[in-house]
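**Student:** The residues making up each chain are set out below.
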Amino acid sequence: MSTVLVFLEAKSGEPTRISLEALAAGAKLASATGAVLAAAMVGTANGTGFSALGAASAIYALDHPLLAHYTADGYTAACVQLISRLQPEFVLFPHTYEVRDFAPRLATRLGRVLISDVTGFQADAGRVTFTRQLFQGKLNGQYRAASPAPCLISVQAGAFRADAPTATSVAIETFVPELDASAIRTAPSEPFRAAAQTVDLSSAPLIVSVGRGIKDEANIALIKDLADALGAELAASRPICDAGWLPMERQVGSSGQTVAPRLYLAVGISGAIQHLVGMKGSQCVVAINKDENAPIFEIADYGIVGDLFEVVPALTAAVRKAKG
Amino acid sequence: MKIIVAIKQVPERDVRIRIDGAGRWIALDDVEFRMNESDAYALEEALLLREAHGGEVIVLSAGPERVGQTIREALAKGADRGIHIVSDTLADYDALGLARLMAAAIRNEAADLILTGLQSDDLGLGQTGVILAELMGIPHSSLILKIEKADTGLKVLRELEDGWFQHIEMPTPALLTIQSGNTKLRYATLMGIKKAKTKELRAVPADSLGVAPTPVVLLDSLALPSRQKTTQILSGTPAEAAAALVEKLQQEVRVL
Ligand SMILES: Cc1cc2nc3c(=O)[nH]c(=O)nc-3n(C[C@H](O)[C@H](O)[C@H](O)COP(=O)(O)OP(=O)(O)OC[C@H]3O[C@@H](n4cnc5c(N)ncnc54)[C@H](O)[C@@H]3O)c2cc1C
Ligand SMILES: Nc1ncnc2c1ncn2[C@@H]1O[C@H](COP(=O)(O)O)[C@@H](O)[C@H]1O
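If you read the protein sequences in the order shown, they are chains A and B. Position one of the first sequence corresponds to residue 1 (the working numbering), numbered consecutively onward. Position one of the second sequence corresponds to residue 325 (the working numbering), numbered consecutively onward.
Source of the hints: derived by calculation from the structure; they are not laboratory data. Mixed in with the good hints, there may be bad ones.
[Claimed, not checked] Calculated from the model, a selection of chain A residues having no Cβ within reach of chain B, i.e. all distances over 12 Å:
no.: 1; residue: Ala171
no.: 2; residue: Ser203
no.: 3; residue: Gly278
[Said to hold, decoys possible] Straight-line alpha carbon distances no greater than 27 Å define the calculated DSSO-like cross-link-like pairs of lysine-lysine that follow:
no.: 4; chain 1: A; residue 1: Lys28; chain 2: A; residue 2: Lys11
no.: 5; chain 1: A; residue 1: Lys290; chain 2: A; residue 2: Lys224
no.: 6; chain 1: A; residue 1: Lys280; chain 2: B; residue 2: Lys519
no.: 7; chain 1: B; residue 1: Lys523; chain 2: B; residue 2: Lys508
no.: 8; chain 1: B; residue 1: Lys326; chain 2: B; residue 2: Lys519
no.: 9; chain 1: A; residue 1: Lys11; chain 2: B; residue 2: Lys470
no.: 10; chain 1: B; residue 1: Lys572; chain 2: A; residue 2: Lys321
no.: 11; chain 1: B; residue 1: Lys572; chain 2: A; residue 2: Lys280
no.: 12; chain 1: A; residue 1: Lys28; chain 2: B; residue 2: Lys553
no.: 13; chain 1: A; residue 1: Lys215; chain 2: A; residue 2: Lys290
no.: 14; chain 1: B; residue 1: Lys508; chain 2: A; residue 2: Lys224
no.: 15; chain 1: A; residue 1: Lys323; chain 2: B; residue 2: Lys572
no.: 16; chain 1: B; residue 1: Lys470; chain 2: B; residue 2: Lys326
no.: 17; chain 1: A; residue 1: Lys28; chain 2: A; residue 2: Lys280
no.: 18; chain 1: A; residue 1: Lys280; chain 2: A; residue 2: Lys11
no.: 19; chain 1: B; residue 1: Lys553; chain 2: B; residue 2: Lys326
no.: 20; chain 1: B; residue 1: Lys326; chain 2: B; residue 2: Lys479
no.: 21; chain 1: B; residue 1: Lys326; chain 2: B; residue 2: Lys473
no.: 22; chain 1: B; residue 1: Lys479; chain 2: A; residue 2: Lys11
no.: 23; chain 1: B; residue 1: Lys572; chain 2: A; residue 2: Lys290
no.: 24; chain 1: B; residue 1: Lys326; chain 2: B; residue 2: Lys572
no.: 25; chain 1: A; residue 1: Lys290; chain 2: B; residue 2: Lys553
no.: 26; chain 1: A; residue 1: Lys224; chain 2: A; residue 2: Lys321
no.: 27; chain 1: A; residue 1: Lys290; chain 2: A; residue 2: Lys321
no.: 28; chain 1: B; residue 1: Lys518; chain 2: B; residue 2: Lys508
no.: 29; chain 1: B; residue 1: Lys519; chain 2: A; residue 2: Lys224
no.: 30; chain 1: B; residue 1: Lys508; chain 2: B; residue 2: Lys521
no.: 31; chain 1: B; residue 1: Lys508; chain 2: B; residue 2: Lys479
no.: 32; chain 1: B; residue 1: Lys508; chain 2: A; residue 2: Lys215
no.: 33; chain 1: A; residue 1: Lys280; chain 2: A; residue 2: Lys224
no.: 34; chain 1: B; residue 1: Lys518; chain 2: B; residue 2: Lys470
no.: 35; chain 1: B; residue 1: Lys523; chain 2: B; residue 2: Lys326
no.: 36; chain 1: B; residue 1: Lys473; chain 2: B; residue 2: Lys508
no.: 37; chain 1: B; residue 1: Lys508; chain 2: B; residue 2: Lys519
no.: 38; chain 1: A; residue 1: Lys224; chain 2: A; residue 2: Lys323
no.: 39; chain 1: B; residue 1: Lys326; chain 2: B; residue 2: Lys521
Using N, Cα and C, we set each Cβ at its ideal position, and we do this for glycine too.
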């Protein structure tokens, strides 16, 4: 019987949410292709994180002192060994920064190409095709492997719903890869956080967020006026903070803050996945964008298709009028 | 330090997405092209390193003839020379095939450092650099914001999720994929543009590199995403749309 193998990422010993989403994707894929589901995670077999992986019928604890800190070389070597033992049909990963770092190397070592950042799949008559986004979400592509197994896939955050964790009923097998310290060429140091944030967007009830559609630093004032009229906090997409037009601490997204306000008003923001993961928990999303096909409209409750330089001043005036 | 920077030419940001006749790529008539965003930051890092430590910056790009313009732009910003892997059928290669072409074109350069962007803005694979590192047999690190020379080789700053960072040390030769945003990008000066015309730009036909396009992953088809959520579009003049939105914010969202 063929195997779908899912690599989960652990934080403090527990599988991360996106890892559980990847596990759910793996379970779906296994049932669509008549395969068994196996899960693997770095850690010791008696670690608590393994006890909730009941969806899998085989569970492997990748246990080795050289895996205590993530390195691309260590993880690649360990995964290659488990894959060559299990000979899975499909290998799934959560599309995290770690996976982005080592999975392409792992795939290359196996003579394969990772199908990255997958949002869905279709299986019919033994052929599985995977959907992934191109042009920052403006286009979908259907991809498939043209080589023998294994086919390697990473799964986008939020694309599959994580199942409620179920208790593990199978024995967790410890898999000790053969690793050589000299083959690990990078020396990582402890992760650290940037200086304490002075703006906490995560508790703001109203947020007006600005993207590259604003074109010029001087135009930010237009957005600030709207935010002031609404009594909202000002936030931005990454390119605005990269350019130094607003401080880094106002950046929303995978490398910035995660927010969940009652109102998120996105102005001139296209809606790339790295931005969406930071704000899609908002209760109401409003988007102003001149491109009716901008991906932000995928998740917006209300939209205005138009030139922000006309719409925003009109909106600021209308809000002021409504507030009296 | 001898540094190679891989630069991809991609469609302009506001490009209208229409699928072409064959259904395998977007229609490119009337499309303007630019340097991939994270690659521009990779180039900037390379130029800063050369200014600090001396050496050479070589730009590498694969694509049809028009890619030459983007290489010239990098030369105008200060890169020393360019290598252009010329191909009109690059889409026949997958990321592994492309990285094999790149590896074959630069193997004899014996560079100390190879920089790529984190991710291309069109295909968005986020992989080509890491694959190239494995093919070259050198260590890598991705999502890099800052590069410093260290006794042992390099000390780099890697971006992690949710505002976390990490330093990593590694020996050279190494490959780094560069994340956008850490530095201000320079503009090409008039002098730079003039000088670029005289700099070496070597054209290497892809089919001279001995790499067959035998993809292990295929892009079958493309489609515009179908709307999942029904967004209420508020239409009319800007003033009408604004008034309609204010009403929604008052009556339904209740935030006004
Ligand atoms: C690893 C990684 C991490 C990342 N982390 C983050 C992150 O934390 N946060 C983040 O935001 N991004 C992040 N990004 C970048 C992300 O992929 C996008 O590039 C970015 O979000 C795009 O920002 P934008 O929407 O402002 O710009 P663009 O994508 O350029 O969109 C601009 C939008 O403005 C519209 N527009 C232009 N002119 C007008 C006008 N006159 N009126 C109305 N609309 C107009 C356009 O139609 C377009 O939709 C990350 C990327 C990577 C690879
Ligand atoms: N055709 C190309 N020519 C030169 N460099 C490329 C090319 N395609 C990809 N790259 C490099 O690889 C990086 C990652 O691209 P991708 O894997 O497509 O997301 C880009 O940012 C470039 O630095």
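**Student:** Work down the list of hints and note, for each, if the structure agrees.
**Tutor:** Hint check results:
The beta carbon of Ala171(A) is kept farther than 12 Å from every beta carbon of chain B, the shortest such distance being approximately 32 Å. No Cβ of chain B comes within 12 Å of the Cβ of Ser203(A); the nearest lies about 15 Å off, and the non-interface call holds. Residue placement check: Gly278(A) does not keep its beta carbon more than 12 Å from all beta carbons of chain B (closest about 9 Å). For the proposed pair Lys28(A) and Lys11(A), the alpha carbon gap of about 24 Å is at most 27 Å, so the pair holds.
Taken as a hint, the Lys290(A) and Lys224(A) pair is honoured in the structure, with Cα atoms around 20 Å apart against an allowance of 27 Å. Proximity of Lys280(A) to Lys519(B) is assessed by CA-CA distance (about 48 Å); at most 27 Å being required, the pair is judged violated. With a C-alpha separation of about 25 Å, the suggested pairing of Lys523(B) with Lys508(B) holds against the 27 Å cut-off. Taking the CA atoms of Lys326(B) and Lys519(B), the gap is near 20 Å; set against the 27 Å cutoff, the hint holds.
Taken as a hint, the Lys11(A) and Lys470(B) pair is honoured in the structure, with Cα atoms around 25 Å apart against an allowance of 27 Å. The straight-line distance between the Cα atoms of Lys572(B) and Lys321(A) is roughly 15 Å, inside the 27 Å bound, and the hint therefore holds. With a C-alpha separation of about 19 Å, the suggested pairing of Lys572(B) with Lys280(A) holds against the 27 Å cut-off. In summary, the hint linking Lys28(A) to Lys553(B) is supported, as the alpha carbons are separated by about 23 Å, within the 27 Å threshold.
Distance restraint check for Lys215(A) and Lys290(A): the Cα-Cα separation of roughly 13 Å lies within the 27 Å cut-off, and the hinted pair is therefore satisfied. Proximity of Lys508(B) to Lys224(A) is assessed by CA-CA distance (about 24 Å); at most 27 Å being required, the pair is judged to hold. Restraint check: the Cα-Cα separation between Lys323(A) and Lys572(B) comes to about 14 Å, which is no more than 27 Å; the hinted pair holds. At roughly 17 Å between alpha-carbon atoms, Lys470(B) and Lys326(B) fall within 27 Å of each other, so this suggested pair holds.
A distance of roughly 24 Å separates the Cα atoms of Lys28(A) and Lys280(A); the hinted pair therefore holds under the 27 Å criterion. At most 27 Å may separate the alpha-carbon atoms for a hinted pair to count; Lys280(A) and Lys11(A) meet this at roughly 23 Å. Between Lys553(B) and Lys326(B) the alpha-carbon distance is near 50 Å, which puts this suggested pair outside the 27 Å criterion. The suggested pairing of Lys326(B) with Lys479(B) holds, with an alpha-carbon distance near 17 Å, which does not exceed 27 Å.
For the given pair, Lys326(B) sits about 13 Å from Lys473(B) by alpha-carbon distance, which is consistent with the 27 Å threshold. For the hint linking Lys479(B) to Lys11(A), the alpha-carbon distance of about 25 Å falls within 27 Å, and the restraint holds. With a CA separation close to 20 Å, the supplied pair Lys572(B) and Lys290(A) stays within the 27 Å bound. In summary, the hint linking Lys326(B) to Lys572(B) is not supported, as the alpha carbons are separated by about 59 Å, beyond the 27 Å threshold.
For the hint linking Lys290(A) to Lys553(B), the alpha-carbon distance of about 19 Å falls within 27 Å, and the restraint holds. Our distance criterion of 27 Å between C-alpha atoms is met by Lys224(A) and Lys321(A), whose separation comes to about 17 Å. The straight-line distance between the Cα atoms of Lys290(A) and Lys321(A) is roughly 25 Å, inside the 27 Å bound, and the hint therefore holds. At roughly 23 Å between alpha-carbon atoms, Lys518(B) and Lys508(B) fall within 27 Å of each other, so this suggested pair holds.
For the proposed pair Lys519(B) and Lys224(A), the alpha carbon gap of about 43 Å is over 27 Å, so the pair is violated. Between Lys508(B) and Lys521(B), the direct Cα distance comes to roughly 25 Å. Compliance with the 27 Å bound is thereby established for this hinted pair. Among the hinted pairs, Lys508(B) with Lys479(B) is consistent with the structure: their alpha-carbon atoms are about 21 Å apart, no more than 27 Å. Taken as a hint, the Lys508(B) and Lys215(A) pair is honoured in the structure, with Cα atoms around 16 Å apart against an allowance of 27 Å.
Annotation: proposed proximity of Lys280(A) to Lys224(A) holds, straight-line Cα distance about 22 Å (limit 27 Å). Our distance criterion of 27 Å between C-alpha atoms is broken by Lys518(B) and Lys470(B), whose separation comes to about 30 Å. Proximity of Lys523(B) to Lys326(B) is assessed by CA-CA distance (about 17 Å); at most 27 Å being required, the pair is judged to hold. Note on Lys473(B) and Lys508(B): the hinted pairing holds, with a Cα-Cα distance of about 20 Å set against a maximum of 27 Å.
Between Lys508(B) and Lys519(B) the alpha-carbon distance is near 22 Å, which keeps this suggested pair within the 27 Å criterion. Distance hint between Lys224(A) and Lys323(A) is fulfilled; the C-alpha atoms sit about 17 Å from each other, no more than 27 Å. Under the criterion of a C-alpha separation no larger than 27 Å, the hint pairing Lys326(B) with Lys521(B) is consistent with the structure, at around 22 Å.
When each numbered hint is compared with the structure, violations occur for hints 3, 6, 19, 24, 29, 34.
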